[in-house]
Amino acid sequence: MKVNNIHSLRLFDLKGPLFLLLFFLYSGAMLGGGEWSADKISASIKEGASIVTRLQIESLEVLGKTKSIYKMRHIYTVLDKDKDDGAVSIYYGEFFKLSNISLTIYDASGDKVKTYKKNDFADHKLFDGSTLQDDIRYLTFPIQRAEYPYTVEINYERLISCNFLIPDFYVQSYDEAIERKEISIKFPKDLQIKMKSYNIDKEDVITEAQTSDNTETFSWVFKDKKALKFETNSPPSSEVLPLIKCVAEKFVMGKVEGSMDSWESFSSFMYQLNQDRFTPTEEIKTVVAGLIEGAESEFDKIDRIYSYLKANMRYVNVSLGVGGWQSFPAEYVHKNKFGDCKALSYYMKTLLSVAGIESYTAATYRGEKREVRLDENFTENVFNHMILYIPGQDLFLECTSRNYPTGYVGSDNDQRKCLIVKPNGGMLKEVKNRGEISDFSFDDIEIDITDEFPKVKYRMEKSGNHQEDWRYIIDNYSQNDKEKYFLSFLDLPPSKIENLDIKYDKENAIAIANAEFDLLKFGNVTGNRFFVNVNAINRLVIENEKEKKERKENFYLNFRGAYKAKVTVHLPSGYQVEHGMLDQKVESPFGAYEVKTTLDENVLTYTRTFNGKEGLFQADQYEDYNNFIKAFNKIENSRLVLVKP
Amino acid sequence: MELTTYFTSSKKIRLTLLVLICSLAGFNVFAQPAKIITFGNVPAVDLEMRIYEPDTSAGAVILEDMGTLMIEYKKNFVTKLQRHTRIKVLKESGTVYGDLLIPFTHGEKLETITDLKVMVHHPDGRKQSISKKSFVTEKLDEQYSVIKVPCPGVQVGSIIEYAYDLRSKNFLMPREWYFQSDIPTRYSCFRMLETDDFRYTFILIGNEEVKDDSINFQAFDLPALTQEVFVTWPESYCTRLTLQLNAIRSGFFMQPVLNTWEDLAQGLKVLPYFGVAINETNVNAKAWEELEQKLSGIDDERLKAKIIYDHVVSKVEWNGLYTIYTGKSKNEVWNSGTGTTADINALIINLMLRAGLQAHPVLGCPRNLGWFNDRMPVMDNIKYFFGEVMANGERILFNGINKGVPFGYLPENDYNGKAVLLNKDTAQVIDIPAQYSTDYHVILLDIKEEGLVDVNISSIYHGVALEFRTELQKEEKQKEYLMQLLDAYQNVEILEYTSAKKDSIFEENIHLTFDLNATNEQEFIYLQQSLMSSFIKNPFVARTRKYPMDFAYLAEENIHLIINIPEGYQLESLPASKSIQSEKGEIAFNVEYQLNEKVLDIEKSASVNSAFIFPSRYDDIKYTFAEIERLNNDILVLKKVE
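Going down the list, the sequences are from chains A and B.
Just so we're aligned: the first sequence equals residues 1 to 645 in our numbering.
Just so we're aligned: the second sequence equals residues 1001 to 1642 in our numbering.
Keep in mind the hints are simulated off the structure, nothing from the lab.
For each residue, glycine too, the CB sits at the ideal point set by N, CA and C.
Heads up, none of these hints are tricks.
On the chain B side, residues computed to face chain A include the following (Cβ under 7 Å):
{"#": "1", "residue": "G1059"}
{"#": "2", "residue": "E1142"}
{"#": "3", "residue": "D1634"}
Could you build all of it, start to finish, from the sequences and the hints given here?
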């Protein structure tokens, strides 16, 4: 107490003017806060945002085919603790060198807490579950704050030594609001950089183009953008989030010059990069000769060779070398019995060439098909995978699979365009499965509750894209794990599994599970009533909004195929239906379903078929869609009331 | 040789303390292991093997896993583990073992791996040695690296064989030896070459039998580790051997090392990043300045302690790291607003001491990282410390890492049976028994003419439940969780939801509706009475149980459901009140029905009275839960009156 009084006296006695100066400075700080004070963010910008970009200056200067400098200055305020990533991660690798890294944290008032440099970052490798080796690493800095909001300023430069790999500019993420974001791209005129923007309303952005003697500069400024919210059934982010793509039409990758001025030239580049990767050795020739001996047709040859590939080669993702674009040679794959998608596709091409069958590798995007942003008029690298195309049969092969039937490529490959890789004349082509394949699931369940413990016979049939997961499980899970996987589908878990057999058809896209098991109980008996769910074993539940919300954006449905069920229950004698019989057929723009229950001499049967539609729908249709699904879920979850008079 | 076995159950969960005493002078004695295998020579019978009889569903099996540990001296003492392993691929799923991953700690050059040899034995008898050029060492982060070896040509029938030497500076605690893994193991053997100068304590943990003759530890036909419900940390039951240095030769005598908790207490007391950090007199000035005002005029010790705890917890966020050593100064912790378990609890204890309270660190291991061994200090088992304060003569435990946990409670993860309280030079084993999680729900149910059921719910949560409720609140998942509980009801619509945490109580008020389930003319109305109960589904469905059922905490659920029977209806029949419980009272349930004219009163209570139940009790527990599920899901029928 005494010490404080003396200090106060000193200020008054000796340092009046200083005191006043300090007072005003202090007051100013209290009133105004630092430059990045969270209070300076307007309420309208904050609304619905978890993060607010206060200022982002992102620039790319392309100096040549093998040198580009990317600079980032990003200042953002984290508002929402629950949506905080809690870390900053910056990637680097063989073609990306980082420098001038700094990270500063400011508190809610905008006062600096601390600045960190590169040495404070942790150097990480990220294991994605399938890549054994690649050269991408991350510098990561964990940020854990007890008090929110806080602000982060991150600065770094990235030297990119291959202009094929110049980055895209992601303008905005979900839950991110923007006060100001500046993007600029500068390049020599003779380098021919092309740009395209996605999901950007021209009215929302200030653009500028400057030309000097030797260079061109394009810049964009985004101001006061409110946060975009992700809603259930939002369309893929590629159709919503604003993005600026930047592509060098002429580039060098490794020692190979390439061009992105057309799909054909890009195809030609990929071919050149790998043109010495499919030379067969004598051993390969001998193997192929043995495989195709006695084959009755070209398809038979393909089938035998593909079976050999599936049985003998493993998928191992090793993305090294020329940014992961150049394949291992066929000889390497043959010797080591593994490879990634490129290597296995080129290896298969090699085998087919020995058999006299022409084939071409095809670059594709593997994943949700609507995420692919392939524009036939704008050549760019949108690919992350490679398959094989056989023109003579108009057939595609997925060479990383160990169990797909010949000509089946899977729902993460089909119904989209790929780029056929050829020395000349490479073109876009629609990927498809061989033949007509139905996508469906059919659950045929028979329950006998006449004994002490209910007994169930369950036949689960899956076709097309519905059976893809099962193929992997059948090959890779132990019997115990298969059992657990099967049990995970059941709403009424068994007390005892008598028998479980899960198989897939090697030649067709079908998988079937047959199971017999006992239950501890089935339904509820209260007095003389028996309450039973129409489908107690494996209900089809489709996600719907539990609360009424106003839908802002259009929505996307990606149902594929039919979901059928037949549930037969053998009841003890004497029961009649008191309530809950069904006989409905409903059609809507979003799909259709048909359900029916019958009771015939103690045999209760429930049948159901549900078909959903695929496509983009208007926001104002969302309530109707939700009601359609709610009505279906209600039926699937409904209960029959049986009574013994 | 001294062998102590304790914590024994009928299902053989053993924690065996084995002290190896070497009585030989001068030379290392090379005791022979029971089985000898030579690198590169695989017996034909193993190559021809197509199934592993004890587990025919296995995709792969470890044929042999042999480890020999010795002490080396090159400038400094290091431990050297010579490892030799063979894995047989039996099914397609087992080919993943062809991608070898050998992790080690490169940080501070703690471990190095040398003399790695890898060979693939193909089913046709060919042997393929993998060139060292194929070995890739990858740095994962500042501490850990991994050697990756993709083995070529691995297929069903292949045997992957590898061997290496692992040297470690950490001769206080050599790496644990795991007898079990995620695939079955036919034979696992660990031995330590004896030495005059060092004595180790061996602690054998796990469910499976290991034959030991004090030199060789051998296990045969070990099953793969499996996962069961209500097992906090499956590796707790993995059969393994933990080693810790027990004594070092000093002249003619063996100098004990960390034999007792007192030894540890004395050692930690003088460490700058433990004892000194906790007890230093200069506290964090900024923190103290803020606290002084709040503490001014407060005499009650519990209140003082709570103020300090609440203040630190509100300012400093846990970064997820468990450690017993502080990493930052208190100023850094305060300014950065983040810290490890040690940083945060050291700060709280330090401020409590400054406030004149008696506060101490308590060493322990969180449940999700294994059981705590209270018999002797095993450094690998001591993962963190939390705090104890004596307030008004009462011991209060605290851990400042979880904002959702009020003062006076520990996070659920900390209730691990035992812990060790350090008080200056002394150490005392204290009990950390499981605590209760208690819910109370009052539910008013009205049936509306529009075919809707209108429900008002008032809930109070107490004890351990607060941590879960606060987590839900933090992530805005309360409504999602509520909808899961109400899955049996149709078209649930939440009209109003409020929640608030008040000190050690969490309150929730809900107004919702759901569709009436009735016949077409509403002649009969069916009401499910399982509202708000967590006991609506039997969690135990497996036929048998291998591991104990570990509930982590005790639970008590009380529901008072009041149903207003609408005009023109009556209850068709009043269900019978009932009480059930498992044989030894571990699980109990009680329901009482009372009809007062037009109001049906249902009082239900369900409880878990034992947090840890041995697997021998499984059938009874499973049956009890099945009965509770049946009673809880009973449907009430209202009939229209003529």
